[in-house]
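Using the sequences plus the hints, can you model the full thing?
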Amino acid sequence: MALATASNWIWNFLIAFFTPFITNAIDFRYGYVFAATNVVGGLIVYFFCMEGQGRTLEEIDTMYVQHVNPRNSEKWVPPPPEEMARIRREAGTADDIEGSGDNALAGPAEGPGEKSISKPTNEHSEAA
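Just so you know, numbering that gives the first Met the number 0 puts 85 at position 86 of the sequence shown, and the rest follows in order with no gaps.
Source of the hints: derived by calculation from the structure; they are not laboratory data.
Just so you know, these numbers come straight off a predicted model, no measurement behind them.
Check before you lean on any hint, since a few could be wrong.
As the list claims (entries may be wrong) - The list that follows gives simulated cross-link-like pairs (lysine to any residue, SDA-like), each with its CA atoms no further than 25 angstroms apart:
(1) Lys74 / Phe46
(2) Lys74 / Val64
(3) Lys74 / Glu58
(4) Lys74 / Ile86
(5) Lys74 / Met62
(6) Lys74 / Phe47
(7) Lys74 / Ala84
(8) Lys74 / Ala90
(9) Lys74 / Glu50
(10) Lys74 / Ile59
(11) Lys74 / Arg85
(12) Lys74 / Ile43
(13) Lys74 / Thr55
(14) Lys74 / Gly40
(15) Lys74 / Arg54
(16) Lys74 / Gly41
(17) Lys74 / Gln52
(18) Lys74 / Gly53
(19) Lys74 / Arg88
(20) Lys74 / Val44
(21) Lys74 / Leu56
(22) Lys74 / Met49
(23) Lys74 / Phe33
(24) Lys74 / Arg87
(25) Lys74 / Thr92
(26) Lys74 / Gly51
Here is the structure:
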């Protein structure tokens, strides 16, 4: 997150610093440069970014593992959970499929001779 923030500040500074020099040199045509970068950005999003609306992170990860075409990603139907877990496990991206649900913070089930791992609490949760 810090890298993204630093990059944002640097690019904003560079644009603000160089804009007067560029507009003095090429005048209103600077708008064409801006429009061209927006068009290129739009094309990159259209051709290379997958549709992630309404999908879990595991489904998006499986889409990348299966090399789904980004333009057809909206129509992609996720496989059943067992099949998706197998695909991700074979690709080496399934770290902890069983622990990725609501009980992910609870840790593994308590076995013989093992300590129970409790969920972290904050000031808004009730202590048991």
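Now the hints, each set against the structure:
Straight-line distance between C-alpha atoms of Lys74 and Phe46 comes to about 15 angstroms, which keeps the hinted pair within the 25 angstroms bound. With a C-alpha separation of about 16 angstroms, the suggested pair Lys74 and Val64 falls inside the 25 angstroms cut-off, and the hint holds. For the hint linking Lys74 to Glu58, the alpha-carbon distance of about 13 angstroms falls within 25 angstroms, and the restraint holds. Of the pairs offered as hints, the one joining Lys74 and Ile86 holds, with about 19 angstroms between alpha carbons and a cut-off of 25 angstroms not exceeded.
Between Lys74 and Met62, the direct Cα distance comes to roughly 11 angstroms. Compliance with the 25 angstroms bound is thereby established for this hinted pair. With a C-alpha separation of about 15 angstroms, the suggested pair Lys74 and Phe47 falls inside the 25 angstroms cut-off, and the hint holds. With a CA separation close to 20 angstroms, the supplied pair Lys74 and Ala84 stays within the 25 angstroms bound. With a C-alpha separation of about 22 angstroms, the suggested pair Lys74 and Ala90 falls inside the 25 angstroms cut-off, and the hint holds.
For the proposed pair Lys74 and Glu50, the alpha carbon gap of about 9 angstroms is at most 25 angstroms, so the pair holds. Distance check on the hinted pair: Lys74 and Ile59 sit about 13 angstroms apart at the alpha-carbon level, within 25 angstroms; holds. The hinted pair formed by Lys74 and Arg85 meets the criterion: a straight-line CA distance of about 22 angstroms does not exceed 25 angstroms. Distance hint between Lys74 and Ile43 is fulfilled; the C-alpha atoms sit about 19 angstroms from each other, no more than 25 angstroms.
Taking the CA atoms of Lys74 and Thr55, the gap is about 15 angstroms. The hint holds against a cut of 25 angstroms. Our distance criterion of 25 angstroms between C-alpha atoms is met by Lys74 and Gly40, whose separation comes to about 23 angstroms. For the proposed pair Lys74 and Arg54, the alpha carbon gap of about 12 angstroms is at most 25 angstroms, so the pair holds. Simply put, Lys74 and Gly41 have alpha-carbon atoms about 20 angstroms apart, close enough for the 25 angstroms limit, and the pair holds.
For the hint pairing Lys74 with Gln52, the CA-to-CA distance comes to about 12 angstroms; that is within 25 angstroms, so the pair holds. At most 25 angstroms may separate the alpha-carbon atoms for a hinted pair to count; Lys74 and Gly53 meet this at roughly 12 angstroms. At most 25 angstroms may separate the alpha-carbon atoms for a hinted pair to count; Lys74 and Arg88 meet this at roughly 24 angstroms. Taking the CA atoms of Lys74 and Val44, the gap is about 17 angstroms. The hint holds against a cut of 25 angstroms.
Distance restraint check for Lys74 and Leu56: the Cα-Cα separation of roughly 17 angstroms lies within the 25 angstroms cut-off, and the hinted pair is therefore satisfied. Distance hint between Lys74 and Met49 is fulfilled; the C-alpha atoms sit about 11 angstroms from each other, no more than 25 angstroms. Pair hint Lys74 plus Phe33 does not hold up; C-alpha atoms about 33 angstroms apart against a cutoff of 25 angstroms. Between Lys74 and Arg87 the CA atoms are separated by roughly 20 angstroms; this keeps the pair inside 25 angstroms, and the hint holds.
Annotation: proposed proximity of Lys74 to Thr92 holds, straight-line Cα distance about 23 angstroms (limit 25 angstroms). The hinted pair formed by Lys74 and Gly51 meets the criterion: a straight-line CA distance of about 11 angstroms does not exceed 25 angstroms.
Against the hints set out earlier in the document, a violation occurs for number 23 only.
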